[in-house]
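**Q** First to last, the protein sequences are chains A, B, C, D, E, F and G.
For the first sequence, numbering that gives the first Met the number 0 assigns the number 102 to the last residue and increments by one with no breaks.
For the second sequence, numbering that gives the first Met the number 0 assigns the number 102 to the last residue and increments by one with no breaks.
For the third sequence, numbering that gives the first Met the number 0 assigns the number 102 to the last residue and increments by one with no breaks.
For the fourth sequence, numbering that gives the first Met the number 0 assigns the number 102 to the last residue and increments by one with no breaks.
For the fifth sequence, numbering that gives the first Met the number 0 assigns the number 102 to the last residue and increments by one with no breaks.
For the sixth sequence, numbering that gives the first Met the number 0 assigns the number 102 to the last residue and increments by one with no breaks.
For the seventh sequence, numbering that gives the first Met the number 0 assigns the number 102 to the last residue and increments by one with no breaks.
Warning: the hint list may mix true and false statements.
Using 20 Å as the maximum straight-line C-alpha spacing, the simulated SDA-like pairs for lysine to any residue come out as follows [to be verified]:
#1 Lys-95/G <-> Pro-52/A
#2 Lys-54/B <-> Glu-65/A
#3 Lys-83/E <-> Tyr-77/D
#4 Lys-95/D <-> Glu-46/E
#5 Lys-54/D <-> Val-48/C
Here are some chain C residues the structure puts well away from chain D; computed CB gaps all over 10 Å [claimed, not checked]:
#6 Ser-8
#7 Pro-42
#8 Ser-49
#9 Asn-56
#10 Glu-88
Residues from chain A shown here face chain B by an in silico Cβ test under 7 Å; the list is partial [unchecked claim]:
#11 Gly-59
#12 Val-68
#13 Leu-84
Bear in mind the hints are in silico, worked out from the structure with no lab data behind them.
Just so we're clear, the structure is a prediction, and the values are computed from it rather than from any experiment.
Idealized CB from N, CA, C, for every residue including glycine.
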Amino acid sequence: MAALSINVSTVKPLGERVFVKVSPSEEKTAGGILLPDAAKEKPQVGEVVSVGPGKRNDDGTRSPAEVKVGDKVLYSKYAGTDIKLGGEEYVLLSEKDILAVVV
Amino acid sequence: MAALSINVSTVKPLGERVFVKVSPSEEKTAGGILLPDAAKEKPQVGEVVSVGPGKRNDDGTRSPAEVKVGDKVLYSKYAGTDIKLGGEEYVLLSEKDILAVVV
Amino acid sequence: MAALSINVSTVKPLGERVFVKVSPSEEKTAGGILLPDAAKEKPQVGEVVSVGPGKRNDDGTRSPAEVKVGDKVLYSKYAGTDIKLGGEEYVLLSEKDILAVVV
Amino acid sequence: MAALSINVSTVKPLGERVFVKVSPSEEKTAGGILLPDAAKEKPQVGEVVSVGPGKRNDDGTRSPAEVKVGDKVLYSKYAGTDIKLGGEEYVLLSEKDILAVVV
Amino acid sequence: MAALSINVSTVKPLGERVFVKVSPSEEKTAGGILLPDAAKEKPQVGEVVSVGPGKRNDDGTRSPAEVKVGDKVLYSKYAGTDIKLGGEEYVLLSEKDILAVVV
Amino acid sequence: MAALSINVSTVKPLGERVFVKVSPSEEKTAGGILLPDAAKEKPQVGEVVSVGPGKRNDDGTRSPAEVKVGDKVLYSKYAGTDIKLGGEEYVLLSEKDILAVVV
Amino acid sequence: MAALSINVSTVKPLGERVFVKVSPSEEKTAGGILLPDAAKEKPQVGEVVSVGPGKRNDDGTRSPAEVKVGDKVLYSKYAGTDIKLGGEEYVLLSEKDILAVVV
């Protein structure tokens with residue numbers, strides 16, 4: 000197997016997973032998000048880069064994701080799997096870990 | 000990605016999630032809520048700001064939420080994800096964490 | 000948002016939840032309930048004040064609650080969310096936490 | 000709310016619950032039950048006093064209980080909720096906690 | 000309630016439960032069962048004495064048990080509820096805790 | 000009950016269970032399996048001796064097992080119930096604990 | 000049973016399992032994956048060597064895997080069962096533990 004070159008455009012999430020670019024925290028502070036209670040789950044801001052084909056239903060069909068490429072999303076800071084590519088942070092999330100879209 | 004401006008009207012909850020403005024505790028005391036037993040789950044008061052499209056059923060349809068924008072709700076203090084915007088506290092809840100509407 | 004006035008008649012439970020006024024313990028002793036084994040779950044007595052629309056079934060219909068307003072109920076002391084209103088204790092229960100009706 | 004008088008005949012179990020009078024342990028010893036291994040779950044003997052309408056199925060119908068009033072039953076000592084009425088011990092069990100009928 | 004006489008023939012298991020006479024350990028050693036690794040679940044040998052009506056399916060029908068009266072069975076030593084009757088050891092098992100029949 | 004003679008051919012697994020003869024570890028080393036990370040689940044090699052009738056589906060039918068008598072299988076070292084018969088080690092596994100067949 | 004020779008081509012995963020050759024970490028560093036937060040789940044890179052027949056649905060049919068032989072995949076470092084064959088590392092994964100394909 001030759002060396003594998005991974006960059007953003009080559010990552011294709013499976014199933015109900017969504018690939019998200021993590022927004023830097025400066026932007027979040029500017030946007031006004033503060034986390035008053037450290038004991039509670041904290042939201043993170045990111046932008047959807049690619050979306051899997053959707054969750055497979057019991058009958059074999061798929062439910063497409065509610066989010067689309069380019070959506071700004073809020074998700075739990077503790078959810079998903081972090082990946083760093085080209086100096087930028089990304090995260091592979093299950094769609095259910097996305098709390099809201101910021102329009 | 001340009002700086003992301005988040006304010007209340009731009010947050011659109013996904014699925015069965017509900018976006019709620021937390022009522023300040025002065026108001027709750029005035030309203031007569033006391034929590035006699037610290038070992039038990041404590042209710043919090045808030046007002047629904049926006050509502051997701053509803054929980055996705057197994058057949059792909061959605062069950063719309065029981066609550067609507069403007070509803071005063073009681074929910075568990077420990078549920079959901081806190082967000083602070085413009086000096087106000089908000090919370091992103093799953094609808095199942097909302098205990099009752101105060102009419 | 001103006002100050003929110005909460006009293007018993009304004010609390011409308013969601014889904015399968017039931018709003019119950021806790022019976023004072025004097026009454027329970029008079030009624031003969033003793034709890035011989037402290038290691039086991041203890042029942043509490045209360046009266047149903049309001050009832051949610053019922054648990055949502057998978058097909059979107061609802062199963063109405065087995066209890067109705069005015070029913071005297073036994074429920075687990077450790078279940079639900081306590082609320083104090085006007086010096087009286089109330090509890091928001093899931094219907095499944097109600098063990099029996101006392102007729 | 001006037002004082003609530005609870006006695007055996009007034010307790011109506013909900014759903015799949017069964018109301019059982021606990022048999023005194025003298026009787027059990029006479030009947031030959033010994034519990035050789037303290038580390039394992041121990042059966043208790045009782046008599047069914049009243050039976051709920053049965054477990055609600057997904058389609059809204061109910062599956063009636065396998066036990067009926069008067070049945071002698073074996074159940075786990077650690078299951079259910081104890082209630083003492085008129086000096087006698089009772090227990091509110093889920094039907095699934097009843098292991099066998101003694102005919 | 001008169002004294003309850005319990006013996007083997009009077010125990011009727013409910014649902015998917017199976018009533019099994021525990022085989023004495025001498026017999027097991029003779030039969031060649033050794034348990035090389037104490038950290039793992041250990042099988043026990045027994046004989047089926049009576050069988051419940053079977054697990055209730057979602058549609059209300061029952062799936063009859065795979066075992067029948069007289070079957071020699073292997074089951075987990077830690078499963079079920081022990082009962083001693085007339086100096087003999089018995090166990091009330093869920094059918095799923097029976098690993099195999101010895102024919 | 001007469002003494003029960005257990006040997007390999009008399010063990011008939013129930014449901015989705017599979018009876019497997021554990022391959023000695025010499026063979027595994029010869030076959031090239033090494034376990035580089037002790038913190039992770041370790042595979043074991045064995046040969047299928049007998050197979051249950053298959054997992055019971057919700058509608059009462061059975062899904063036959065993917066493995067058959069004679070198959071060499073990889074399974075988790077920590078799964079199932081060990082049995083020693085005639086100096087040889089066996090294991091009763093649920094089919095889901097079998098990871099792969101070695102053809 | 001004769002000595003069992005295991006090599007890559009003889010391992011046939013069952014059900015929804017996927018057999019994956021682990022990519023060496025040099026390659027990953029070259030590909031730009033860095034793991035900034037040690038407290039979170041870390042992705043691993045690998046190449047699909049063989050694929051099981053797919054997850055069995057409730058009606059007995061199978062949903063074929065989303066991945067195919069030769070796919071480069073990202074998966075959780077802590078998922079699955081490690082196997083070393085001929086000096087190379089492999090892992091048996093459930094398809095749900097595969098996060099994304101790298102195309």
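**Q** Determine for every hint whether it applies to the structure shown.
**A** Do the hints match the structure? See the list:
A hinted pair counts as satisfied when its Cα atoms are at most 20 Å apart, and Lys-95/G with Pro-52/A qualifies at roughly 14 Å. Between Lys-54/B and Glu-65/A the CA atoms are separated by roughly 12 Å; this keeps the pair inside 20 Å, and the hint holds. This hinted pair checks out: Lys-83/E and Tyr-77/D have alpha carbons roughly 18 Å apart, not beyond 20 Å. For a cut-off of 20 Å, the pair hint linking Lys-95/D to Glu-46/E is broken: about 24 Å separates their Cα positions.
A C-alpha spacing of about 24 Å is found between Lys-54/D and Val-48/C, which places the hinted pair above 20 Å, so the restraint is violated. At the 10 Å boundary, the C-beta of Ser-8/C stays outside the reach of chain D, the nearest C-beta of that chain being 16 Å off. Pro-42/C, annotated as away from the interface, has a beta carbon of chain D within 10 Å; the closest lies near 5 Å. For Ser-49/C, the condition that its CB be more than 10 Å from all CB atoms of chain D holds, with the nearest at approximately 15 Å.
For Asn-56/C, the non-interface assignment is contradicted: its Cβ lies about 7 Å from the closest Cβ of chain D, within the 10 Å cut-off. Its beta-carbon lying about 13 Å from the closest one in chain D, Glu-88/C satisfies the requirement of being farther than 10 Å from that chain. Because the closest C-beta pair between Gly-59/A and chain B is about 12 Å apart, greater than 7 Å, the hint is violated. The interface hint given for Val-68/A is violated, since its Cβ lies 13 Å from the closest Cβ of chain B, which is over the 7 Å cut-off.
For Leu-84/A, the interface hint is violated, the least distance from its beta-carbon to any beta-carbon of chain B being 15 Å, above 7 Å.
Hints 4, 5, 7, 9, 11, 12, 13, counting from the list given before, are not met by this structure.
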